[in-house]
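S.K.: Letter by letter, the chains look like this.
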Amino acid sequence: MKQSRSLNIILGIYVVLVFAFVFAPIVFSMIFSFNSQRFPTIPLGEFSTEWYEKVLADPDIWKAARNSLIVSCSTALIATFLGFCTAYSDFRYNFRFKGAYLALILLPPTIPLIIMALAMLAWLSKIGMSGQLYSIIIAHSVLTAPFAMAVIRLRLNQMDPDLESASWNLGASEWQTMRHVIIPFCKPAIFSSLFLTAAVSFDEFAVSWFVSGLNSTLPVVVLEIVQGNIDPQVNAIGTFVFLTSITLVVLAQLFFASRQMKGMQS
Amino acid sequence: MTKPLVVFNKVQKHFDDFVAVKELDFEIREGEFLAIMGPSGCGKTTTLRMLAGLEAPSVGEIRLNDRVMNDVPPHERDTPLVWQSLALFPFLTARENVEFGLKMRGVDKAERKERAIKWLDKMGILEFENRHISTLSGGQKQRVALARSLVMEPQILLLDEPLSALDAHLVIRMQAVLTDLQRELGITFVYVTHSQSEAFAMADRVIIMGKGEIGQIGTPKEIYRAPANQFVAEFVGRNNILAGKVKSVDGDTACIATPSGEFTVPTNEVQLTQGHEASFVISADLVHIALEEPDGGNRAYCKLISEEFVGSMVTLFLEDAQGHEFKVQMQERELSNFDLHSGDEIWLSWDTQSAHVLNES
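Just so you know, the protein sequences line up as chains A and B, in that order.
Our numbering numbers the first residue of the first sequence as 1 and each following residue consecutively.
Our numbering numbers the first residue of the second sequence as 267 and each following residue consecutively.
Calculated from the structure, these hints are not laboratory results.
Heads up, the beta-carbon is just placed ideally off N, CA and C, and yes, glycines get one too.
One thing to keep in mind: the hints can contain errors.
Said to hold, decoys possible - To give an idea of the chain A side of the interface with chain B (calculated C-beta under 8 angstroms), a few residues: (1) 165; (2) 166; (3) 168; (4) 172; (5) 184.
Please work from the sequences and hints to get the whole structure.
M.R.: Structural data, given as C-alpha cells:
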C-alpha cells in the first residue's frame, strides 16, 4: 500500500514534468506576447497588448489569417470526404490488392514533410497549378486525408455489418442506406475528422511555404517575420494559432471520446 | 391444402469453391410457421438470406407469390428479417427504429408515428418509445426488432435465430409471444434455428437441414417419431439407433440382426431386402425397463451407466454387452419404483410398432 502510494506520487510528478516540458515553450510564448519589452528576457517588463494591436493593424496578417481559414476549412471538407470514401470502400468491399491500397493511402504522413513539399511544388508547377490558394488546399488534402480515413475507419469497424443489410431489408436503397444509416452512424467520427484535419492544415508550415507563392498562410507569415528580425508579434500570432489548433483538436477529441462512451447518441 | 407462398426450385448456392446449399426443393405454405433447423454451417441461414434477397441463388429459382425473385434487390422485396444480432440502429430511438422501414417506403410522418406506436404498444414496449437502443434490455430490444419488421405488415416474416442471445427464461416467454403473434396475424413465419426445442415448440412444420441439403420435412411429431434417415435421427437426439443386416422379411414386418441381437421391426414403406444393411430407431421414451427378463419380443440386457434429470423427466444411459449405447426416457416418479444404481443390469424392451426403419441416407 505504502509502496504503491509513493509510486503514484513519482508517476504523478513524472506526468507533470512531461506536460511542463511540452507546454512550457508555448506558455512562455503566450506570456511574452503580453510583455512590453521587445526581447524575451526575464525580468518581464509591463503588461501590454501592444503586439496584438500591431498584429491586428497589419493587413498582411489579416490576409494570411483569411487564407489560413479558407485553406483549413476547405481541406477539412475535402480530406474528410476522401477519408470517408476510402474508409467505406475498405469496410464494404473486398478486392485484390486491398492491403496495398490501404498502405498507399496511409503513406503520405510517413513521407518527410520537406520531401512531400518539394514534390508537391515540382508537380503543381509542372501542371501550372502552383502558387495559388487552391495549391495549398490540394497539398493539405493529400496530407490530411489519411487522418480522416483512420478516424472514420475506426468508427466503421464498430458497426454491426448486419446494419446495412437490415436497412436494405427494410426497403432502403443503397443511397438511402448511406444517408440514413452509414452517415448517421459515422457522424461523431466525421466531426472528429473535420476538426482534426482542419487543425493539421491550420498550423502546417513546410508544404504551405513551398506551394503557397504569394498567398501565405499564418505559419508562413510567422516565419517571414522571424527571418527579418526579432519581433514579439510572432508571439501574439503564435498564441492565436495555438489556441485555434488546440480548440480544434479538443473538439475532435470530444467527439471521439463521446462516441466511445455514449457512442449511441446521435 | 393451402397454396404455396414461396417455392424453392432446385436452388443451389456456391461461394467460390464452397457449396453452402447443395440443392433445395421445397415449398412454404401461406400462413404456416416453418422452422428450418440444422447444425451450424448446414446452409439454413444462407437459405433465409436468399429468400430476403441478400444472397442470390447460384442455380435454380425462388418464387414468391408466383413471381421469380432471383434478381429482385432486397429493398424491393417485402420480406423483413429479424436478425440474430437484432441489427437495430443504435443512433435512433426505439420508435425511430420501428418507423425506419415506413420512412424508406415514403409513408408520411403522421401515419408513420401512428403505426409505430401501435406496434410498440402491441409488443408491450410503448413506454420505451423515446429511449435509445443502448439503454434497453435484451428482451426489450427483441421486441423492438420484431415491431420494426412487423410494422411493414408483410406477408412473410423471416427470423434468423432471434432468441439465441436471450436468457433461458426469456426464450420461453418470447416463444409464446411469437406463436401468439403468428396465430393472430396469420402471416407466414420462417424461423431459422439450431435449437430443437425452439423449432418443435413453435413450428407447424420443420425442415431439418444438414450439409446444404434437406434431411427431412415434416411436422415436429413426424420428425420425432419417424426420422427419415440416420442424419435426422442423430440430430433429433434421444433416439436409439440400431444397425444390422436384414435376416428375413415377413409381410409388413422384418427381422434385423444386429450385434446387439435380433429385432423385429415394421417395414413401413421402406423396401427391405434380405441380406442388405438396414438401420432403425426407437425413441428413447418408447423403451420400457424391467428387472426380470420379459417374455419374447424385442429386448436387450443392459448395464446402467448414468442418469440425467431434466425436471420431472429422466434419461437413462445404458450399454449392452457389445458396448452399444441405449437411451431410455421416462418420468422420474416411474423410475423411483425401481431402485437403480449405476452398474445395475436391467432389461429393456419395446413394442415392434415403436421401431422405425430408416431410409438409406
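S.K.: Of the hints stated earlier, which fail here?
M.R.: none
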